[in-house]
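Participant: Protein chains in written order, with my numbering: chain A, 1 to 763; chain B, 1001 to 1159; chain C, 2001 to 2087; chain D, 3001 to 3288.
Treat the hints as calculated values from the structure; they're not laboratory data. A portion of the hints provided could be inaccurate.
[As the list claims (entries may be wrong)] Taking lysine to any residue and the SDA-like style, the derived pairs with C-alpha atoms no more than 20 Å apart in a straight line are: (1) C:K2050 with A:G171; (2) C:K2071 with C:R2032; (3) D:K3005 with B:I1006; (4) D:K3005 with B:L1020; (5) A:K99 with A:L253.
[To be verified] Which chain C residues stay away from chain A? Per the calculated CB distances, all over 12 Å, these: (6) A2022; (7) R2028; (8) A2029; (9) R2032; (10) D2033; (11) A2035; (12) R2037; (13) V2081.
[Said to hold, decoys possible] From the derived model, a few chain B residues whose C-beta atoms are all more than 12 Å from chain A: (14) G1014; (15) E1015; (16) G1058; (17) E1075; (18) L1118; (19) G1155.
C-beta atoms are modelled at their ideal positions from N, C-alpha and C, and glycine is treated no differently.
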Amino acid sequence: MVTAQSKETEQYNVIGTRPIRHDGVDKVTGAAQYGADLNLPGMLAGRVLRSPHAHARIVSIDTSKAEALEGVQAVITNADFPRAGDEEIDTGEGTANLKWVLDNVIASDKVLYKGHAVAAVAAADHHIAEDALELIEVEYELLTPVLDVRDAMVDGSPLLHDGLHTAAMDGSQSDNPSNTASHLQFTKGDLDSGFAEADVVLEREFETSMAHQGYIEPHNGTAFYRADGTLDIWTSTQGAFVVRDSVAPLLQLSPSQVKVTPMEIGGGFGGKIPVYLEPVAALLSQKTGRPVKLTMNREEVLLATGPTSGTYMRVRMGAKRDGTITAADVHLAFEAGAYPGSPVGAGAMCALAPYDIPNQRIDGYDVVVNKPKTAAYRAPGAPQSEFATESVLNELAEELGLDPLEMRLQNACVEGAQRADGFTYGVIGNVECLEAAQESPHWQSELQGPNRGRGIAQGFWFNIGFESSAYAQVNGDGTVPLVLGSTDIGGTRASIAMQLAETLGISAEEVHPHVVDTNSVGYTQVTGGSRTTFAGGWAAYECAMDIRRQMEERAAQIWECDAADVTYGDDAIIRGPQDEDGNDQQFTFKELAGQLVTSGGHIVGRADVNKTSSGPAFATHIVDVEVDPDTGKVDILRYTAVQDAGTAIHPAYVEGQMQGGVAQGVGMALNEEYYYDESGDLKNASLLDYRMPTALDLPMIETNIVEVPNPGHPYGVRGVGEVPIIPPAPAVRAAIANAIGVHMNELPMSPRAILDATLPSGD
Amino acid sequence: MASEHIVVNCTINGEQQVFLANERDSLLEALRDRIGLTGAKEGCNNGNCGACCVNMDGRIVNSCLVMAAECEGSEIRTVEGLAEGDQLSPLQNAFLEQAALQCGICTPGFLVAAEALLEQNPDPSEHEIRYWLAGNLCRCTGYDKIIKAVQQAAGQSVV
Amino acid sequence: MVTVLIPQPLRTLTDGEPVLMAEGHNIRAVIRDLAPRYPELADRLVNEGKIGRGISLAINGDVVSTGLITKVPEGAEIAIVPQISGG
Amino acid sequence: MQAVKYARAESVEEAVSLLQDGGDGARPLAGGTDVIVQARERTRDIDLFVDIKHIPEVISIEYSDDSGLTIGAATPCYQIYGDDTISEKYPVLVDSCSLIGGTAIQGRASLGGNLCNSSPAADGIPSLIVLEGQVEIAGPNGRRTVAVEDFCTGPGQNVLADGEFVVKLHFPAPAERSGARFLRFIPRNEMDIAVANAASAVRLDGDGNVSWARVSVGAIAPTPLLVADAADAIVGQPLSEESIAAAAAASSAAANPITDMRGSIRQRVHLAGVLTERTIRQAAERAG
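Please put together the full structure from these sequences, using the hints given.
Facilitator: This is the structure in structure tokens:
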């Protein structure tokens, strides 16, 4: 295999430049078709009836009045689905129990969270469908809701699932049923002796709220079940193949009967991996024989899709006076929502990942509660666990009178270091990020003014590999359509096309990337896990290498020489041996492209890759805040994000990922929360009261891309998208402490929480 | 419960339009479902995200908070009306050059809102841009590049 | 010879051993080599011809994506970790 | 969206008769930024929108030194904060109108609508109260006038009877050396409902004493409050740290808030004082 990894970025022609994204014009003119923009002849509109209760048994559902309403074509409940068995299906980055997937899509015997789908209607238009929902009569037997992760873990707590037992990693199960679905543990060294060595030991407890991905586009799904038994689905999803492989078993169809077309997607951040509406639309279409479009409104998105876990966490950390961390004990209890499957595993693996700590124990608990089933959200599990550990590390530095950045450098993992879970690092940019932060104008500057403070934090996240597929055809004019299976959620058409262009030696503009349906490209995993530019780019690279090889062969045919004597250069010149007259023979890419049709036909390159996860990413963030001590409000004054991107393919979109991650992390730090009342009613299910940052809440976000190429990728790419959401919360916490001397132990660190921590009791 | 249809006359992107709407339709629903202009997006349907911003009689409005029936006689401009044929507006070009969009769902609303800002205030400060656009939520970009795109379209130097 | 690192909770299946040595050119062969000595561990690691539910294997820090037939280089370190997902 | 009909009224009389005929389910439609959401989310039974913003006197701004300021109830916020006279003489209205929603909301939302929505947290109402605003109501029995502070009767409730709607708001011409300021506290910097808000208005006499004052605090009780004790605490003396602190304490004492997703009782009681203090200081600065 030819690898280009040894190249310096400046040697690249396309990589590292900032071309206009290929789908850009459509997206600034309103032409781009997102899922909800689809309009098919004869299409019906669907709406979903949702539970007003957090925990209840469904006694009966009477849909007769709704069915009788003029314009209503079908009403369905869970009972209308084929019975889902106790089997595991592929849900993208893991597997899930099919019955739980179906029960989350539409409740069977119990509703487990407010907003849990109970029934669905297809009608002539959405106004009628909404009217029909009001006519569906559901009788509930109310049960006590379980809303707090610690309450849920207590023996005797009301149970969400009678048959759920705590699974240990060794496969054993608890004797008694429990809301704790699983327990995992990683250890390293000897914790007791590690703490005995420490001069200072700190222990802190943290609570964090559920938080939502907050993509601006609500979920949608359109289905058309045809008379021949084939099912078409159009949806805004991060993984078209995941939708296919979830819907097919739920409707007891073969994957070959299901074609999923990924529409443009208005953000996902992990939340648009699971299916919600697609199976319902499919069944409604099956019942009516007409296309059915379902869309969620914002309240439904917040109530009933998958936020990230709320948590209770406890961290004990010990260090010597010189700053050497000797031991860390981390306890993580994560809310999974209504069904098992919180990201506590990844949270546990990330918790201490940047640091080489000889003695560690990390315990993780996956706990069901009467809240929506959590889904992946940008570096799932890590913003929580690293908030806890980074916060304690910052406090240790403060306690020891050490520079928190220096202390991180002192304990930083480098190549060869091993985490408690057993991973051993290859080439990583942990230290490089810290050093770049140390040298940054921001860190070097002096912060002045009352109630102002500065904080720093580090972040770690993986880089998931897995399957990606691509093919590309060489047109006669030298342009190359590139066909991809990866939904483009933030510019990956461009970043993948650029890697194809680089490999072929042509311009990014000569490559025309297209995202297609599941029948039109090979299996491709979700756009998520920081994998798309990494794995999709790898597929594009191999696809281009396939084209290079075929073009060498074609040139050999034309020149009537041995293909081994033809070389395709990185300058896109195809060179052959001298002809009989001793003249050099060569083609430019375009010249040879022009001769393909007459010399044997077009060339199609293809690649299917299945890669390991090998390019973990680190980030260092610095933030300055000002706190209004009278109101508890925190303003972000200045922010610098440093991150190792391996190689920044399209630096503008790398910066964009960093800035977007910071914005989400700041939101999680300051205001975003799932605010439940004691009955389990989510009281802030709107974008008014679920307070994501506005343009007025953030400054410009300075970015500093460090490039420590990933030796496991032809262009050195590392995952970029996820790690920048991790450091903001602990960095902001440290800055608040630096400003007003108060350490916050909860997320969000809202004005209310800060006032609660600072007002004299009795005020 | 049955609802009736109404006829609405208005100007959309410079063209006279007569369309039939459900009397319950918002302007957003009329644009998307009746006229086929799907550039304006539904993000929240209650005025809190700005994805449905259109220009109505010279002011930006959340089209989800306007009844279609109210548009009788109005002049509406949507994202589809920003470019002249295949000539993008300076703002549209700036959004592309500054990489001011990732998923792109909020982009139509930002473009319509920012266009109105620059018409009224051709040389806005960063704070004025942020204030004007505070009703438009973006979850991908952290706003940095959006602000820079507006600055570029205003002819300001962008770092 | 390869090294298999056993996380604390799985040591119930290895008589408390934190590190096992095994032979094998791929994951399947390594587990087959372990099976006579640690049958419960082998049962946990393989389920119906696939890597066991809820866990992933990592070879020298890279999560295995090609299942039991994934090649294991001589001297490699195999870690047993929970499945992770990304956003 | 409920099955709602739409009617455009061309005159006050027509609006009154449409509202009267429409009964309980008829609602005036001005900017619609609250009522359209309520109809869509079915939180209020609405089956008829009576669009009042095509009635000339309902969208208007008039000022004279004799009769003061009159604002048509449906006049959108952007026209109010864009009006030079209002900016000069009633900057507290600019404070309020430029904080209601975002730019796109301000293109439609009106002070009349803000008042009639009667939210305890309304960002328009405290300013109207401290300006001694009078609400001109038209109804089947002709017109009547109500002081703003008497208009709201509970969350979402007010004195309007069937067939009545708000036509205009009247404010006296500003006195010499007077000033008013509105502030709200929200967790973000825009696009939020007030956790608490407050407006203060003061007049200074030739000796620098506060000769008259009004303080109104919102989101700390079922309706925006006129806090007489807070005003009394500063009147008849020059502003001092002590008098301002006493006014703040009076506002906190008057607060009777709830805990909800937007704020806690403790936070709101505290903020009532903080915002009273800040608005009094800044109102005094404006008074000069």
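Participant: Against this structure, judge whether each hint is valid.
Facilitator: Status of the hints after comparison with the structure:
1. C:K2050 with A:G171: 15 Å, holds
2. C:K2071 with C:R2032: Roughly 14 Å separates the two Cα atoms, so the pair holds.
3. D:K3005 with B:I1006: Within the cut-off at roughly 10 Å; holds.
4. D:K3005 with B:L1020: It holds: about 15 Å lies between the C-alpha atoms, which stays within 20 Å.
5. A:K99 with A:L253: This hinted pair holds, its Cα atoms lying about 16 Å apart.
6. A2022: Its Cβ never comes within 12 Å of chain A, the nearest being 15 Å, so this holds.
7. R2028: It holds; R2028 (chain C) is separated from chain A by about 17 Å at its closest Cβ, greater than 12 Å.
8. A2029: Given that every Cβ of chain A is farther than 12 Å from that of A2029 (chain C), nearest at about 18 Å, it holds.
9. R2032: 18 Å, holds
10. D2033: D2033 (chain C) clear of chain A: closest Cβ-Cβ about 18 Å, beyond 12 Å.
11. A2035: 15 Å, holds
12. R2037: Given a closest Cβ separation of 16 Å, the condition holds.
13. V2081: 5 Å, violated
14. G1014: 15 Å, holds
15. E1015: Fine: 15 Å to the nearest Cβ keeps E1015 (chain B) off the interface.
16. G1058: 20 Å, holds
17. E1075: With a cut-off of 12 Å, E1075 (chain B) remains clear of chain A, as the shortest Cβ separation is near 18 Å.
18. L1118: 15 Å, holds
19. G1155: At about 19 Å from chain A, G1155 (chain B) clears the 12 Å cut-off, so the statement holds.
Hint violations for this structure: number 13 only, all remaining hints satisfied.
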